[in-house]
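Knowing the structure of chain A, use the given hints to seat chain X on it.
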Amino acid sequence: MIVILCHPFDEAALWLCHQFRLLGLDVEPVAVEALVYSRKIVHRLGDLGDTGEIHLSDGRVLRPESIRGLINRVCFLPLAHIERATPGDRTYASEELNAFLLAWLDSVAGPVINPAQPLSLDGGAFPSPTLFHLAAVAGLPTEGWRSDARPGDPALAVPRATQDVVVFDSRTFGPLIPRGLQAGCRQLALLLGVPLLQITFRHSDDRGWLFHAAHGLADFRVGGRPLAAAIATTFRRRAAAA
Amino acid sequence: MIVVAGIPGERPTELLIEALDEIGANYRCFDQRRHEATGLSLAISNDVGGGAIGGELVIDGERMALSDITAVFLRIMDDNLLPDIATLPPGDPRRSRCRQLHETFLRWTDISPGRVLNRPTDMASNQSKPYQAHVIREIGFSIPETLITNDPDAARDFIETVWNTGGRVIYKSISGVRSVVQTLRTDDLKRLDRIRWCPTQFQRYVAGTDIRVHVVGHSVFAARIESEATDYRYAARQSGADAVLSPTELDTTTRARCIALAERLRLPLSGIDLREMPSGDHACFEVNPSPAYSYYQDRTGHPIAAAIARYLAGESD
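Chains as they are written, first to last, in the working numbering: chain A, 1 to 242; chain X, 1 to 317.
Isolated chain A (complex conformation):
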């Protein structure tokens, strides 16, 4: 089973789910909220591995050892169920839940796209200095970055055309961009250590397309059906290899 773990409003994830079904994949969309609010979470760790079960309110049961692939779209930790707790208890519980979810995502048997990271559950959020530095190292032209820049700066306020592309598994998907930029996009994903990355370029009159932003929580629709097919193929290959 392939799981798409997403929030209910995540249209891009639901679109991918539909595409996976068209491609004949056994896929289950699971709401992050349903997982976190589960009344029965049981997770065991030992020298031989992790096992466990999370019972969802609709009767489904998630077992990390049985999941053959997971699309991770955890944008934030849902905490509605503890909002009436005292501030101290709420802070403690949110850190505990975050720590558990990070470990749970890391325990899934199949490939996770993108794997969760300690500082970003979705595995694809990076500080701007890191992004601009690595984008330049990857060979992408950038706008540069300054710590003293302000959102109200006139240079940033000028509306400019933008272009988004998605990198998955060292291939670029979406609108056609110059080969040099494609290579830079692939290299940036490698440097960041993520299999899936959406990159935004902004157009500059004098320098053409410049790197502007990147994140792992990609809109799959940018890459369209070829991207969905590539991800499905990766899951199938890994399942066959296992």
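Hints may contain errors.
What the hints assert, rightly or not - Straight-line C-alpha distance at most 30 Å; calculated BS3-like pairs for lysine-lysine:
#, chain 1, residue 1, chain 2, residue 2
1, X, Lys172, X, Lys190
2, A, Lys40, X, Lys172
3, A, Lys40, X, Lys190
No lab work stands behind these hints, which were simulated from the structure alone. Fair warning: this is a prediction, and the values are worked out from it, not measured in the lab.
Coordinates of chain X only, in the frame set by chain A:
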């Protein structure tokens, strides 16, 4: 140039400063309590293929190019808790400036090409003990038999299974929140329903002797800890007697695993909690990315601060 960031009077930082003085290292302190005397600008250039990291750190009027800083030691406390900041309202400009300073400093240390003990992003693995346990297990250490659950029945089953086989159960936080490790007692079963609100971590107690290992680059310092307490850090409170620490040597395999674990977690400075089991094997509980090594150095005589100083100065790997 080496930068030591934190509270200079705090014991681990104080020991490091003494060690840097002893080797005559060129260093400056970013004293968090004197944040108003500190300034920082960071700029990433737009040069293709480079993305040069520019900017400067200003301490008491002295300007230092970030490119001249070759190493950083971080022992940063939460800037929101600094005495002159904690009492300020959320939108106060002084609070915002202090936050911005710290945020920029931490982001720079993530990408600085120099030696950093340790980079903030890499330190974050300690925010989840079971997440870290996955890496610990891959390296070859044994990990405690663990149950994380919000289901009282599952917890009861685990506890009874352990008790019925003559074992003890301990419970502790899942996250990096500092918590006192406690042994579960029969009376605690009455409170088990409370775990419905938040998954709780239970572990089979691992019998044996605690070993604390500090890794600094490729240098390893191991201390044996004798204590009757469940959590030796709180030995006086839990057992009425302080823990007794002494230097010890690790076998070759365990030593190599400790170095491999620190490297895998990208923590050139780390405090690794082991327990030597009666079989002679070692279980590993967690890796501390900002270890209060002074507690161990003061009791064992291990030259940990000197090793950190040499590492920062580029005199050791």
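Hints and how they fare:
The suggested pairing of X/Lys172 with X/Lys190 holds, with an alpha-carbon distance near 18 Å, which does not exceed 30 Å. Distance check on the hinted pair: A/Lys40 and X/Lys172 sit about 19 Å apart at the alpha-carbon level, within 30 Å; holds. With a C-alpha separation of about 19 Å, the suggested pair A/Lys40 and X/Lys190 falls inside the 30 Å cut-off, and the hint holds.
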